[in-house]
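Student: For reference, the chains in residue letters:
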Amino acid sequence: MIARGLILASALFACAASAQGYQPYPYPPPPAPGYPPPAPGYPQGPGAYPPGPVLAIPVLEQDLRVKAGSDTVRFGRDSYVLTPQSQATLTAQAQWLIQHPYVNASIEGHADVRQTRDYALALGERRAAAVRNYLIASGVPPEQLQIVSWGRERPTSEAVHDATWLQNSRVVTVLKQPSQQLQPWMPQPLPLPLPQQ
Amino acid sequence: MRFSKSSLLILTFTAVLAASAQAQSGPSQIVLAVPQFPTPKNVKTDGGETGVIGIQISQQIVSDLRTTRAIYPTGPDGLRHYTPTEAGAPLYPNWAGIGAGALVTGYVQARDDGRINVVCYLYDLKTRREMTRKGFAVEATEWKRAAHRCAGAFYTAVTKRPGLFDSRITYVAATGTRTQPVKRIAIMNWDGTDHSYLTQGGVTVTSPRLSPDGEHVVYMSFAGGMPNLRIMDADGSNDRQLLQSTSMSFAPRFSPDGRSIAFSMAVDGNTDIYVVDSNGGYPRRLTSAPGIDTSPSFSPDGRQITFESDRSGTQQIYVMNSDGSIQHRISFGGGSNSSPVWSPDGDRIAFSRWTGANIAIGLMSPAGGDEKLLTSGWQDEAPSWSPDSEWVMFQRTQQGTGTGSLHMVSVGGGEPKSVATPQPAADPSWSGVVQ
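These protein sequence lines map, in sequence, to chains A and B.
So that you can map any letter, position 45 of the first sequence is 46 in this note's numbering, and since no number is skipped, the others follow by simple counting.
So that you can map any letter, position 16 of the second sequence is 27 in this note's numbering, and since no number is skipped, the others follow by simple counting.
Worth flagging that the hints you see were computed from the coordinates, not collected in a lab.
Partial list, derived from the structure: chain A residues whose beta carbon lies under 8 angstroms from chain B:
#	residue
1	126
2	131
3	149
4	154
5	155
6	156
7	157
Simulated restraints on C-beta separations:
#	chain 1	residue 1	chain 2	residue 2	range
8	B	428	A	167	28 to 38 angstroms
9	B	213	A	67	27 to 37 angstroms
10	B	204	A	67	52 to 62 angstroms
11	A	167	B	434	21 to 31 angstroms
12	B	244	A	64	42 to 52 angstroms
13	B	378	A	64	55 to 65 angstroms
14	A	67	B	345	42 to 52 angstroms
15	B	378	A	67	54 to 64 angstroms
16	A	177	B	378	43 to 53 angstroms
17	A	177	B	358	43 to 53 angstroms
18	A	142	B	358	51 to 61 angstroms
19	A	177	B	288	29 to 39 angstroms
20	A	64	B	380	54 to 64 angstroms
21	B	412	A	167	17 to 27 angstroms
All C-beta atoms, glycine included, are put in the ideal place defined by N, C-alpha and C.
Let the sequences and hints guide you as you build the complete structure.
Tutor: Rendered as structure tokens:
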């Protein structure tokens, strides 16, 4: 099942990539040996330098919801199996994330309010891990993703009825600025030694 | 107990009748005279004058013991005064004819370091023997805890069971909306007095657990954006992270000696049980089965741990040795079963069962079997034992509103009693008692 999902995912991904003229994101080359490391305060790592103007997170999230269909996938009680519908949503999310490498994603797992509290935390983490693994298998760089479980601490619906409680069994892809982006980008002279005469 | 005022009244009447019949009244009730505690020298302290503290301590002992069925306390009004010297050597003829089977004496003395000595004795007036004694050096403002512990020692001497008077309960006070809840850890005495908040609600917190001595609280917090364990003193001070780990950790519980903490850690979809020193350090892994192993709880001798696991496909209850060996399933009574908690006397395990329509609190034998359900609410969960193993406190959630509140049910069964809290409440944890 997972293997089939992978094949499906990579096939879809290949189609989408060629259709939209996808170029793999160029990682910065590793620094030459002996090159002084960047001064503290400079953004570092992949995704540190946005290729274009940076949009606000809510705008990007709206874009993700439109392009991928949803930022949420849902589960049955006790389950962490990704349904075909969930897999299609996640494949589209993966494409979006690959096209927006300068945004990180927090994969937030939830369980319904009729799980006991400890198990709900573990189940949310298990669901989030399943989604993250699927996204990585779909080509998203692992360092762009982090997972967190909210257990049953953040239900989506106000009321608790037998008809509605299962809505809370879900994983939501929440976009985050990479932490480096939060620091102001301050151009500073590199502390280079003075050339010797 | 405080939650059964009517039965207490009836008890009071029978006890008054019994008092006139002298000494041991019913088959299981003893009348206890509690005259006011003297002080060698009336000294002003942070907690008031030592003479006044002596009166307050005797009043507190009376009000603590009045909540029990086994002891009927009288005093301090109407009983003769005595000197601190007599506290350790009562003049028995002077206490004859007061209609009591036992006598409480003691004294309060200011110390040079600003604290006070509280000493208390219990004497059997019939056999003229000392039954027990206790002595504490405490901050003058903490006189109440000394009184609770004296009352607990007396209760234990009479009934051979731990007294609850110095035990405390911590829980999560839940306000805000369901989708944006505000959760604070609260703590109170077992009888609902001295209620205070230990966290301020800026960060979502769950599952506070009191150490057996009631001095520390370990809990799970979303501080830093990731569920992780924190530990603090029971007055909210000294709050710190327990583990140096980037993985999420939750479901903590103290060992009976308070030295270690069992908990769950989740790594890449697999949750296992670990044990760590309560001062922190490197955790030791106990389970490695694929699947979710969580909600560990030690046996009272510290040799075994009960926990829940879904390794069989559904959540079921298991027992293992505290080094992780011999993991075996004990729940076979149907449904999916979770949150096992070992009783302080070691005889039972309380748990919650999902029946497919509701969640109920149940009891079973640690060897497996003898399963029975105690409650029938829509959602009753998170059991916690009273120190005397007579009651199970739990969280009840109302269908529709989703509002949580604390209840307790006798191990013998019967209708659960509501435990009053200022706000909706979840996740109770009852401390042990210091003997």
